[in-house]
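Visitor: Now for the letters of each chain:
Number of protein chains: 2
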Amino acid sequence: MAPTNEFSGLVNVRQQLSNKTELLNEASRKRLWSENDAGVRLLNPHIQDMDQDVLYHLNLGTGTHDLQQMFGDVKFVAMGGTPQRMHSFAEFMIREMGHQLPTGTCLQDISAKSYRYAMYKVGPVLSISHGMGIPSASILLHEIIKLLYHAKVKDPIIFRIGTCGGIGLPPGTVVVTEEALDGLCRPVLDTAILGRVVSRPAILDKALAQSVADCSDPEDNYKTVLGKTISTDDFYEGQGRLDGAICEYTEEDKMNFLRQVTEKGVVNMEMEASVFAALTHLAGIKSAVVCVTLLDRLNGDQISTPKSELTAWQERPQQIVSRYILRHLSLAERQGPTMGRMVRTNSALFQGSQSTFEDTIEEH
Amino acid sequence: MAPTNEFSGLVNVRQQLSNKTELLNEASRKRLWSENDAGVRLLNPHIQDMDQDVLYHLNLGTGTHDLQQMFGDVKFVAMGGTPQRMHSFAEFMIREMGHQLPTGTCLQDISAKSYRYAMYKVGPVLSISHGMGIPSASILLHEIIKLLYHAKVKDPIIFRIGTCGGIGLPPGTVVVTEEALDGLCRPVLDTAILGRVVSRPAILDKALAQSVADCSDPEDNYKTVLGKTISTDDFYEGQGRLDGAICEYTEEDKMNFLRQVTEKGVVNMEMEASVFAALTHLAGIKSAVVCVTLLDRLNGDQISTPKSELTAWQERPQQIVSRYILRHLSLAERQGPTMGRMVRTNSALFQGSQSTFEDTIEEH
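Chains as they are written, first to last, in my numbering: chain A, 1 to 364; chain B, 1 to 364.
These are computed hints drawn from the structure, not numbers from a lab. Here the structure is a predicted model, which means the values were calculated and not measured. Heads up, some of the hints might be wrong.
Any copy will do: because identical chains look the same in the list, a pair fits if it lies in one copy or spans two.
Claimed, not checked - Using 25 Å as the maximum straight-line C-alpha spacing, the simulated SDA-like pairs for lysine to any residue come out as follows:
#1 Lys113 x Gln302
#2 Lys286 x Glu35
#3 Lys307 x Cys185
#4 Lys121 x Met255
#5 Lys228 x Val197
#6 Lys206 x His57
#7 Lys254 x Val188
Produce the complete structure using the sequences and hints provided.
Guide: Below you can see the structure in the form of structure tokens.
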């Protein structure tokens, strides 16, 4: 075919693309990604063309916030089920990093007004609640991956620090997921998209999982193990419990199922690992799933351990992940930006003098 | 076969069932339900045999709480996504029912210590947050259905009052779901149970849906309509949005999908209706799903309406459901138990006198 024909063919095509939608669609077909000059690439060509991006469930947006200024220094994102646990992880990281907040400031829930998730930031660490189940975690992952893109963050790592049911492990054991499986024991995440089921590989970074597991300490009073994790869409029937409002199988059926999955290398069940694996893999972001077992499912279904003990156990994934983070941050990164350090120094001096002053008053 | 042979056969069977598990399994095979002397039946034979039932995500249990005393008077359960919305519905019901709290009391989040859901009780009405997505709502439904069983509640009705994306409706329209569909437009809820997919019909009570829709008022500044609802497992790709972190289809693909579902009678998309329909249907409990549309998906994907307007719209499903509840409660039921009425009367008198007293002070 001669070049002139090819050119006139192109002109014809352009004439047919008479409205904006069709032009956009053509652009989308050519480009698979949204890219800015640095950081995370998005497997979505449309974001790059949007006037603004409202991250609705985070109560943030590119039109209302300078996301690069606010989040450009983020290196690690930790996610977990409850707002309370993620507030406690943020406070834990403040202590572990020696990261003192400027005088007169306290941790603020950045997404409080969304009423959906709670988000805290401690220097290079974001700590965010994801609720329960794949759909809730999926909304957060979409919006956090876009946040990292808009903030031009390079090579972030995302952790899930959660709770789970163990299979054949002493309660209180920490499991680092080496492979995430769905309820049918397949290493995929199925999503119904435009009326069809799309199966995506649920792949976690094995080297990262090993490095995280290596953060266990011989002096820990618990074991940290690597193993396969089943992510279910239901806590009761989905995990073979006998104590839901509905149960149409016997204890024998349940035990057979638990034995079968154990033979495949499954050591725990929870409700989010597969979506972490699938979405971060597609976004080219490394992620790890670190959960503490609250019970051994071979011995029962109900979580009846006292609340105080459960709370203590929930700190274990936080300890493991904080060790990994500390090993991968420079001293300067731990302590925060120069401005922060200056304020902190002043604040420390001021605290000392004020304390002396109060003592003096009391002595009189 | 002679009766003696049959009897000795039974004896042999009993001898074979040498341990407790097998005996329990045999009992389970014979009995499909747990039943007490009144109220909700559970499609689970095991609950009846349990020493105690810990409703872990509600921070309640039969061993620690007198659930019948606490919840025996419940007639309606309202569920919605956020703790804040369900607190506001509880306060709304206090006003609408004329249900004054005893002096010196305020609404308490009954499940605060679970850090999972927020639960408020106003006389015969429970108001509870369910988080986002089918798995999160499923955990709550299992535990609430068991709560209603333990509390011996008769004929409760469960409502979801939520938000959604509308298709071809002005934003702010209220949709009462007449049929709940999954992401593949099938009226079922698929759950992976013991390694197999179990498809259950997602059936809502059509007469209830009609009665709820009939609670709209000609003077409302919004329309209330009946229609089919798609429940998805994802907010972005699952609902055909172009603005997620991942999007592998074009705007044309999206619009074709929205047109196809519209032709099937679908008027809105959200993330929980199908699990409400399926689990309440199996439990023999009537339920209705009432959502306000925050945008028209035919015109876009992003929710960019001002927060104040969105908040006002979120009250609309509350208004419709509260009208239904008020029509189905006697005056005595609205006002609460006798003790409550007495305290309220005293409290009202006291408030009057105190108010006068304060005015007097100010006047001097």
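Visitor: Each of the hints needs a verdict: does it hold here or not?
Guide: Hint-by-hint comparison with the structure:
Taking CA atoms no more than 25 Å apart as the test, lysine 113 paired with glutamine 302 passes between copies only; the shortest distance there is 17 Å, against 34 Å inside one copy. Taking the closest pair of Cα atoms, lysine 286 and glutamate 35 come within 25 Å of each other only inside a single copy of the chain (18 Å); across copies the shortest separation is 49 Å, beyond that limit. Proximity of lysine 307 to cysteine 185 under the C-alpha cut-off of 25 Å is found in neither arrangement, the shortest distances being 31 Å within a copy and 42 Å between copies. Proximity of lysine 121 to methionine 255 under the C-alpha cut-off of 25 Å is found in neither arrangement, the shortest distances being 43 Å within a copy and 38 Å between copies.
For the homomeric pair lysine 228 and valine 197, the shortest alpha-carbon distances inside one copy (24 Å) and between copies (21 Å) are both at most 25 Å. Proximity of lysine 206 to histidine 57 under the C-alpha cut-off of 25 Å is found in neither arrangement, the shortest distances being 31 Å within a copy and 32 Å between copies. For a Cα distance limit of 25 Å, the shortest separation of lysine 254 from valine 188 qualifies both inside one copy, at 23 Å, and across copies, at 24 Å.
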